[in-house]
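Chemist: Can you join these two chains into the complex? Each is in its own frame, and there are hints to help.
Chains as they are written, first to last, in the numbering used here: chain A, 36 to 225; chain B, 178 to 562.
Note that these hints are calculated values from the structure, not bench results.
Here a beta-carbon is modelled for each residue, glycine too, at the ideal position from N, C-alpha and C.
There could be a bad hint or two in this list.
Unchecked claim - Residues from chain B that face chain A, not an exhaustive set, calculated with beta carbons under 7 Å:
1) VAL222
2) PRO223
3) ALA225
4) GLY234
5) THR243
6) PRO327
7) PRO330
8) GLY364
9) PRO366
10) ALA385
11) SER449
12) ARG544
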Amino acid sequence: MNGMATFPLLSRVLHWLMAVMILAMLFIGLFMASSVGPDYHRLVALHRPLGIAILMLAILRVANRLRSSVPTLPEDLPRLLRRIATTSHILLYGLMIVLPFVGWGMLSAGGFPIPLWGQSLLLPPILPHNPALWSWLRSAHTILAFALFGLVLAHIGAALFHGLIRRDGVLRSMCAKEAPSPDLQEQKPV
Amino acid sequence: MRFPGNKASLPDVFADDNRIGSKPMAQKPAPPPILALRWLGVGAVPAALALAFLWAGGCFSPGRVTQNRLMGELHNAGSYGHGFRRAHAKGVCVSGWFDASGDASHLSRAAVFHEQHVPVIGRFALAVGQPYASDNAATVRSMALRFMPPDAPEWRTGMNDPPVLPLRDAHDVSDFFTAQQSDPATGKPDPARVKAFGATHPWLRSAADVNAHRFISSGFADDTFHSLDSFVLSAADGTTTAVRWTMIPTQPVTPSDAKAGDREYLFRELISDIHTHALHWHLMMTVAGPHDAINDPSQIWAQDDQTLDAGTLTLNSIESEDGGPCTGITFDPLVLPPGIQPSDDPILQVRSAAYMRSFSLRAGENRSSSAVTPTLIQTPESKKS
Chain A
36 MNGMATFPLL SRVLHWLMAV MILAMLFIGL FMASSVGPDY HRLVALHRPL GIAILMLAIL
96 RVANRLRSSV PTLPEDLPRL LRRIATTSHI LLYGLMIVLP FVGWGMLSAG GFPIPLWGQS
156 LLLPPILPHN PALWSWLRSA HTILAFALFG LVLAHIGAAL FHGLIRRDGV LRSMCAKEAP
216 SPDLQEQKPV
Chain B
178 MRFPGNKASL PDVFADDNRI GSKPMAQKPA PPPILALRWL GVGAVPAALA LAFLWAGGCF
238 SPGRVTQNRL MGELHNAGSY GHGFRRAHAK GVCVSGWFDA SGDASHLSRA AVFHEQHVPV
298 IGRFALAVGQ PYASDNAATV RSMALRFMPP DAPEWRTGMN DPPVLPLRDA HDVSDFFTAQ
358 QSDPATGKPD PARVKAFGAT HPWLRSAADV NAHRFISSGF ADDTFHSLDS FVLSAADGTT
418 TAVRWTMIPT QPVTPSDAKA GDREYLFREL ISDIHTHALH WHLMMTVAGP HDAINDPSQI
478 WAQDDQTLDA GTLTLNSIES EDGGPCTGIT FDPLVLPPGI QPSDDPILQV RSAAYMRSFS
538 LRAGENRSSS AVTPTLIQTP ESKKS
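Chain B on its own, in the form it takes in the complex (with noise of 0.2 Å):
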């Protein structure tokens, strides 16, 4: 009988043993099977540790979410990929400010909340996969912001308008992903699928109602855009306050009428919008009543809890995604300053994950230009030139 570890099967290495063996002070050659077993300890450490390395890398955990999950996912479901954002893929680069009110200063230490004329980067996007889809009244737009106080680390931020987000973890995210899985017959999601994640998440049915009854406006600079997710502020004394937050405009607010205009209506009005006049919205503060869910952004908060003006964002610039200072970055919901917190919501960890996921993807890859060009964002007065 020949063990895995017998001496004749055995490369040169071995035979060194005999040598040793040959000296005085060494140990004789262990027997065959004392020799196995001791093989055997030389190979179960590695071993282990290998199992234990698949484990972490979820090689084990069929049902676990993982960043290459959801980039799949999104992929089946139409996202373009090709450079561009796995979700809310047409967008446009937007600039400008903020000045806080004061009113939230006593409760974040946040100098965005302090601080006078705050420079913003800023992103309005449209919740699609295809960079290049038709403008659509009804679809999920987009308000990504980049605080960058002068002297203190940078806040980012990004809000959807639908007041609430119909989605509660990692699974719930996932299983919508899987949901709006393109038919290859018709390149749509299959209604019966979609009804059936309606079906099998009732816990969602209250949020999925209240943003099929929302209220459209008629573009970008009218909307409303909400954090979805909760947060916490904490102040210079150490108290802490859970909130949601909501951009409201300044401007006057008219519902869609539901023209479908051509393929970029929404983003021509927009570049028109800020051409014609800085737009304004006003940063409120939502604290969170006794009763209001913290860790769940599918909860709807009670409509009399206490509400602060943080201050007034004012976009006054817009540059095309081509080479415009929105691409290269993400609005990771948790690249947060001293004085916002992240809180327990698990939607926020699944978005820090995938963006970073989609960023480290689209960067690699070569881009073509944006439906929103250069050339659609030159003002009147260059037109003209």
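Looking at chain A on its own, in the form it has when it is part of the complex (with noise of 0.2 Å):
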């Protein structure tokens, strides 16, 4: 199996820059939710632009999903974890577009002004001026980032499995470079 196909370049390079962007969020999110600290402003202003910069990231990544070639996953995985890879990974690109509308829902809902870069550019609210949805919204913001952390969790946990537990290549094939195998000439990226 370690000759598996590994992903295409814009693949692997949109991975490991959210892997990081979403991570540094998870953190800086929970940081100041839970600190009314000297940098809790501006933690609150970088917030804002990495979540926009995150949903503009994984919709082009769900798109190049989409329509890039993915390396299938070992032939002698058992149905049940094929299942959850595929379950799991749906809810990650799934929540990592829900949760930044969600951020910007509760404040327009709030009615807060929402600055994406200094004072001077800001985004326009997407939901009417509704205290009681902003309450909502913000518990469910909160609930959905704690959802993300567990499956941003399992989903390290998942990998490591496959690279060394089960030493497959899947880990690999979002590490490495293509393997040289004449046999995988047709997986190439386009």
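Modeler: This is the structure we're talking about:
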């Protein structure tokens, strides 16, 4: 199995770039929501553009995923694990897109101005001013962020399981360049 | 001996490895000790991240002042909750406009200092946790404003009537709220705790003294309100100026006669005043002198600082918080337009973070009607009809 195809370069770049951004985002979000210290405002000001950047990259990523070749999972992977892998990836993509929208929507519903960068560049509201909706979305933002963090942990655990226990090439497919294997020519990125 | 990663103890997931192992290209299963190390590797990274996440959430920092901690302390200090603001719970909505004088336009490019008739929504309140508390002349009063220039980002500010804030940072705020904790026997703060707070926070003594001896006006309309925190104005040419500001009434000022009228007497007077004539305040900018503390709201600024009249606030309309335009927003002092920046004053961050949490809590709760009801606000004419 160590001859397994790897992800195309764009997919790998998007994956690792977003891995760093999403982890940073989760830590910033949790820290700023549980601290009133001197970095609070700076972190909130960073959280918004980072979230919008993740949203845009996530949309790009889903589009790229739909049109690019994806290495198939090892044939001997049990059906249950295969299903869990597919479902968790759909959930990961979903949360990458939903969480920024919930954040944007909650600030809209809360009647807050939404500065994207500095004080002059503001995002328009995407929901009407509605305090009850703000409160609901604010809670949803937290719950979904915890869910995303849990999924990220499971994702990392699963990747290491593939890499260290099964050693089936799945982890390598997101880390390494395409293996120079003649029987994989047809799966080269377009 | 069985290792956590021993094949025999694993579900069929691992059995697949045997199948791989049976293929010519695959590796042989690792011997148990190495296998255990590998499983350790699988678990270590998620576990380390989970621990770091708990750290970010404050689980290993018992001394950290968090939003939850402040809300809990306010609750213990008698904050009512149930859909009301956690502090300054008793209030009323007002509206009007702001006319810039132009005198501060060279210090800040904010639209509010350049334009005429900028719409304003505001809120007058008493600094109490109980929205049904009786009006009392000695209670701290606040004026909160939201300036909404039609073509520029908005500006929000919350001001109190004592001249200085006897709190320096997040820990002071948390300690102060804790000291205000209600004694179950009396329902009031324990005087011993309040005294102990003063003793353990000697750096706040001069500010507390100034506020204790402050002039108390007869009501909201003739009161002076202070920004407390410092801000930095930035001009079109990039120059910055540290300031505090004050709203000074043009209404004649009379001292409070300390009569404890009916429960809503301060709000009744305000309603009657606004119904009689529009109320006006001058927005006075105080420019920081060389010795003024920018990052500490508990420090009083020099008396000879330069002041500028930035413009005139007019309030000509008053509404109950029940359905009024000031209820569904926060007066977060860090909602600032280009031209006004936060200073390094740590209290600004505390207020911004705490107001947001208070708002998300109250907006999700069922709220009963305010003490200052729409009926109370009816004009004499509408009462007759």
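Chemist: Quick check: which numbered hints come out false for this structure?
Modeler: Hints 3, 6, 8, 9, 10, 11, 12 contradicted; others consistent.
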